[in-house]
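Enquirer: Sequence:
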Amino acid sequence: MSPVISSRVLALSGLAALALAASLGAAAAQPLSVVELFTSQGCSSCPPANANLIKVKDRPGVLALSFNVTYWDYLGWKDTFGKQEFTQRQVSYEPPLGHDGPFTPQVVVNGHADVVGAAPGEIEHLITATAKTGGPSLSLDGGKVAIGAGAAPAGKADVWLVRYTKGVVEVPVARGENTGRTLPHANVVHALTKLGSWSGEAKTLDLPAASGGLSTAVLVQSPGGGPILAAAAN
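Position one of the sequence shown corresponds to residue 1 (the numbering used here), numbered consecutively onward.
Since the hints were derived computationally from the structure, they do not count as laboratory data. Be aware that a few hints might be false.
In silico lysine-lysine, DSS-like type, Cα no more than 25 Å apart, as pairs [said to hold, decoys possible]: (1) 132 - 194; (2) 144 - 166; (3) 156 - 203; (4) 144 - 156; (5) 144 - 194; (6) 166 - 194.
Construct the complete structure from the given sequences, taking the supplied hints into account.
Expert: This is how it looks when you write it as structure tokens:
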């Protein structure tokens, strides 16, 4: 074999090895801190928490999501992003977290620890103090969700599809407690859908195509407002 051919073969082998390593890295879910902010445009206590979520949304290993709730709409301003299913998600968290009912703002990390989130550094401290997801491998690719084998602590877990707008969105508020203010929101969730369930076996689920430029996240979570076992986002 000539030196030229040999060098080309070595180069191609090196590229193949790099490609394989990259594909293996992409297939394995990286542990994440899933940071959910339950907020409302009709709540005067929420803007500081909104601002604090913006500060952590681009941190490596953090998936920050804003869920706008509906129970303050009666105060005069209907939240432009609020949905009843987001309110219900928050309500499901309260008994396991030791609360009698929902309140805003509230930040929940990985489904099992929470703070109000309005004080400086409060969200960062909770992220540091809370273990990242360490459940099954989870990947999103080619219109599929691939979940690896592992232990489902409650015997079964829910698989949630989250569609959200990545980045910061500002909304001017014309009525209610925040009249005249323009409120920034980080990674606003627009849709929350249950894709299926996972009982510990390796499985693949269809991933519906996203519309309107929305980003996608998938959460594997113990039922009834339990801990988040795994998460992935594109």
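Enquirer: When the structure is checked against the list of hints, which entries are broken? Sort them ascending.
Expert: Violated hints: none; all satisfied.
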